[in-house]
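Engineer: So the chains spell out like this:
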Amino acid sequence: MGEAQKGLLSVIEKLKGSTEQEVRIVLLGLDNAGKTTLLKSLASEDVNTITPTQGFNIKSVASHGMKLNVWDIGGQRKIRPFWKKYLENTDLLIYVIDSADKKRFEETGLELSELIDEENLKGVPVLVFANKQDLETASPASEIAEGLNLHTYRDREWQIQACSAVSGEGVQDGMNWICNNIVNKKK
Amino acid sequence: MAEEDSEWIIESIVGYLGSPEWVIPVTDFMEHKCTVFDDEDENKLSYTEIHQQYKKLVEKLLENYMQEVGINEQQFLDACTSPFAKSQSLQDMFQPVLATDDFQVFRSLMVQKNMELQLQALRVIKEKNGALPECLTDGVDVMTELEQQEMKILEEVLKKSKEEYDEEMSRRLLSEKKTGSTSSRSSNKPNTEDDEAREATLTSKQSNSSKRTPDSGSSSIQCRVLPALRSPTKSSKSSNASSHQTVEQSDSREAAAEAYLEEAHREAGFSKPYTELLPSEQEQLQQRAAYLRQQRDKLHALKKEQQKIRQTAALEEPPASPTPAPTANSEISAEEKKKLQKRKHLADKLKEEVIKK
Numbered sequence: 001m002g003e004a005q006k007g008l009l010s011v012i013e014k015l016k017g018s019t020e021q022e023v024r025i026v027l028l029g030l031d032n033a034g035k036t037t038l039l040k041s042l043a044s045e046d047v048n049t050i051t052p053t054q055g056f057n058i059k060s061v062a063s064h065g066m067k068l069n070v071w072d073i074g075g076q077r078k079i080r081p082f083w084k085k086y087l088e089n090t091d092l093l094i095y096v097i098d099s100a101d102k103k104r105f106e107e108t109g110l111e112l113s114e115l116i117d118e119e120n121l122k123g124v125p126v127l128v129f130a131n132k133q134d135l136e137t138a139s140p141a142s143e144i145a146e147g148l149n150l151h152t153y154r155d156r157e158w159q160i161q162a163c164s165a166v167s168g169e170g171v172q173d174g175m176n177w178i179c180n181n182i183v184n185k186k187k
Numbered sequence: 001m002a003e004e005d006s007e008w009i010i011e012s013i014v015g016y017l018g019s020p021e022w023v024i025p026v027t028d029f030m031e032h033k034c035t036v037f038d039d040e041d042e043n044k045l046s047y048t049e050i051h052q053q054y055k056k057l058v059e060k061l062l063e064n065y066m067q068e069v070g071i072n073e074q075q076f077l078d079a080c081t082s083p084f085a086k087s088q089s090l091q092d093m094f095q096p097v098l099a100t101d102d103f104q105v106f107r108s109l110m111v112q113k114n115m116e117l118q119l120q121a122l123r124v125i126k127e128k129n130g131a132l133p134e135c136l137t138d139g140v141d142v143m144t145e146l147e148q149q150e151m152k153i154l155e156e157v158l159k160k161s162k163e164e165y166d167e168e169m170s171r172r173l174l175s176e177k178k179t180g181s182t183s184s185r186s187s188n189k190p191n192t193e194d195d196e197a198r199e200a201t202l203t204s205k206q207s208n209s210s211k212r213t214p215d216s217g218s219s220s221i222q223c224r225v226l227p228a229l230r231s232p233t234k235s236s237k238s239s240n241a242s243s244h245q246t247v248e249q250s251d252s253r254e255a256a257a258e259a260y261l262e263e264a265h266r267e268a269g270f271s272k273p274y275t276e277l278l279p280s281e282q283e284q285l286q287q288r289a290a291y292l293r294q295q296r297d298k299l300h301a302l303k304k305e306q307q308k309i310r311q312t313a314a315l316e317e318p319p320a321s322p323t324p325a326p327t328a329n330s331e332i333s334a335e336e337k338k339k340l341q342k343r344k345h346l347a348d349k350l351k352e353e354v355i356k357k
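Protein chains in written order, with this note's numbering: chain A, 1 to 187; chain B, 1 to 357.
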């Protein structure tokens, strides 16, 4: 791992010459949590024709004068080992949870805690979306936060936001938190 | 002093990006790896792996170059961000470099390359096909119709990807303007120019290739032109054998083969997944895939040959300026647009027919 390589990459990065601040966001969570729906909802696209993601999706969203490059990577068990490859240079992690899928709360908690320990995500702020609040069986965000032990995170900013990616409710609040947080952090 | 430095460095960089030392490995990489890149919204996991490989390649090339010329990264950066580097044609040249840092740029380059190769392959087939009277009696009508259909669909997809790209560029431009940048480059026109230039080279390359290698492989192309779909039982053995061969050749082909199968599958308009098809249908698809693969390999061989020729030519004469006359281009682009629209219409119709079958 040469220092020179790092330097060259940063050179190329600067070549883009855009004055706009770019933010890399990785969107993760179990399969069927609603990651792609959330992504499309962020990009104001149709959310009615979404199929399970086998690979990954990228959307760039302009918000608060920043360009948010959001990477949504498939959440099926067999794809999860690939998550690691997408964490480098990440500015923020969005973790999506199906609030109505109580049976898999433990599984999703384990995945999240593994991510938090990743070297590439050290100190990276986390936004947890407690998705599918439009369903009657959905657990409230506070309960999920407790289950995930979010309050024990001392090394980073975190936030939990109840939302429904289908209706769009709560999504913008989450984005506002992101923008405020990134602005604070990068300045 | 710094400005003077930038000027010669930029000239040197541009020279390098146009030289065989850069062009050959980069083009080679793209042509070999582009087969899995389709125009679907969703990205395959394998794209990331290929992007990593590409990064390594470009880094290595640029490092070697900088060492050779004796400039450091800061000088490189200064030169590239100096006013001399702001022209659109230079920005276009930098696309393959920017692709290392920007996955989206990389992806669109690879998708475009894949389309180009496929279109080129289809044209070669068509050219060689049309010149063979025996094939005409052998029911080539059906086949050319199918090929045309493929071409139309491909062209349609190409156009769409270009539109998307243009859109993205103009969006970027817009946001750039918003942030108060004074650059006034228009994203649309140079892109169409670019496209046409590519189109032009495509056709010229192709005519070159058919002139230069009148014999190599043409006979095999001609007689294999899709008897596959017409009489599946008869030719199944030979094409199976050939597909085995290619599979053995290298593992990396497997991914490509899959893509071909998928493609053949779509072309044939089967709505069921591959495994649920009748054996005969599966066979047909396999033959089609093997056939497309052969065409692709032939094309690779041809291009390699041409590159060699070009390389030797490049050594003898200085590289010509790549900028085409702008006036002629805008005229063509209007015509071209009309043509494209017609094609799109036709393609839509054909698609409908295929789906109904």
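Keep in mind that the hints are not guaranteed to be accurate.
Simulated pairs of lysine-lysine, DSS-like, Cα-Cα distance not exceeding 27 Å [to be verified]: (1) A/Lys84 - B/Lys55; (2) B/Lys308 - B/Lys162; (3) A/Lys85 - B/Lys55; (4) A/Lys102 - A/Lys67; (5) B/Lys60 - B/Lys337; (6) A/Lys122 - B/Lys162; (7) B/Lys128 - A/Lys84; (8) A/Lys40 - B/Lys162; (9) A/Lys85 - A/Lys40; (10) A/Lys84 - B/Lys308; (11) B/Lys44 - A/Lys85; (12) B/Lys303 - B/Lys128.
By construction, these hints were calculated from the structure, which means they are not laboratory data.
Keep in mind that this is a model prediction, so the values were computed, not measured.
Engineer: All hints are to be evaluated individually against the structure, with a verdict given for each.
Structural biologist: Verification of the supplied hints:
1. Restraint check: the Cα-Cα separation between A/Lys84 and B/Lys55 comes to about 18 Å, which is no more than 27 Å; the hinted pair holds.
2. With a C-alpha separation of about 30 Å, the suggested pair B/Lys308 and B/Lys162 falls outside the 27 Å cut-off, and the hint is violated.
3. Of the supplied pair hints, the one linking A/Lys85 and B/Lys55 holds, its CA atoms being roughly 14 Å apart against a limit of 27 Å.
4. The straight-line distance between the Cα atoms of A/Lys102 and A/Lys67 is roughly 35 Å, outside the 27 Å bound, and the hint therefore fails.
5. Distance check on the hinted pair: B/Lys60 and B/Lys337 sit about 40 Å apart at the alpha-carbon level, beyond 27 Å; violated.
6. Straight-line distance between C-alpha atoms of A/Lys122 and B/Lys162 comes to about 39 Å, which puts the hinted pair past the 27 Å bound.
7. Only pairs whose Cα atoms come within 27 Å are accepted, and B/Lys128 paired with A/Lys84 is rejected, the gap being roughly 49 Å.
8. Of the pairs offered as hints, the one joining A/Lys40 and B/Lys162 holds, with about 22 Å between alpha carbons and a cut-off of 27 Å not exceeded.
9. Using a Cα cut-off of 27 Å, the hinted pair A/Lys85 and A/Lys40 holds, with the two alpha carbons roughly 22 Å apart.
10. The suggested pairing of A/Lys84 with B/Lys308 is violated, with an alpha-carbon distance near 41 Å, which exceeds 27 Å.
11. With a C-alpha separation of about 13 Å, the suggested pair B/Lys44 and A/Lys85 falls inside the 27 Å cut-off, and the hint holds.
12. Proximity of B/Lys303 to B/Lys128 is assessed by CA-CA distance (about 17 Å); at most 27 Å being required, the pair is judged to hold.
Consistency note: the structure conflicts with the earlier hints numbered 2, 4, 5, 6, 7, 10.
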